[in-house]
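Trainee: Work out the full structure: start from the sequences and follow the hints.
Residue numbers (our numbering): -14 to 157.
Hints should not be assumed to be uniformly reliable.
Unchecked claim - Pairwise CB distance ranges (calculated):
hint: 1; residue 1: Ala91; residue 2: Val123; range: 19 to 25 Å
hint: 2; residue 1: Gly110; residue 2: Asn21; range: 20 to 26 Å
hint: 3; residue 1: Ala124; residue 2: Gln74; range: 44 to 50 Å
hint: 4; residue 1: Arg104; residue 2: Glu130; range: 14 to 20 Å
hint: 5; residue 1: Pro127; residue 2: Pro65; range: 20 to 26 Å
Rather than coming from a laboratory, the hints here were simulated on the basis of the structure.
Beta carbons: idealized from backbone N, C-alpha and C, even for Gly.
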Amino acid sequence: KSIALALLIILSLIACSSVTPAGLIAASKLDPLDSNADQIAVAVGVPSDLQLTDGDAQFQISFQSEAETIVQSVPLRVRPAAGTGPAPQHAGHTVYIADFSPENAATIATAQSRIKALRTAGLDGQGSIGISVVGGCVASKPLAELPVTTWLRTNPDSDFVRLTRTRDMLQE
-14 KSIALALLII LSLIACSSVT PAGLIAASKL DPLDSNADQI AVAVGVPSDL QLTDGDAQFQ
46 ISFQSEAETI VQSVPLRVRP AAGTGPAPQH AGHTVYIADF SPENAATIAT AQSRIKALRT
106 AGLDGQGSIG ISVVGGCVAS KPLAELPVTT WLRTNPDSDF VRLTRTRDML QE
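Mentor: Spelled out as structure tokens, the structure:
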């Protein structure tokens, strides 16, 4: 059974009460314009009955100024963490790791360069990055709740930092 989900986790984390202190610090250290896209990884913990595969999560970078708006979204490669990421926060949950294919890393790098050029030209604006879960397959009965936990890693030599506390995304 396929379901379409709309989970938007804005990593700029403005006024989000479910953000952990460590997650807020990790997000504040992330410079979305200078971070190498091929080194950024996100972990998402969901109920084990929800199976995610490539393309079920997307990454978006955006910048909006009075003169121009840039919005670039790309699908993420998604795989079960299988011991390579953070442990599930709850029994019956699976953690997935999401990152970019080389082609999509290049697409994000192009968007980063375009945004940097606007900023260098003196255009002020607001930027954000986000992760969306846009699909998945429910392996059993329909979900009555969708508790989600997220982690962030900005380079492969670092540990994942818990970004958000578990939240029921069906209640959002």
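Trainee: Hint compliance check: list the failing hint numbers for this structure, sorted ascending.
Mentor: 1, 3 and 4
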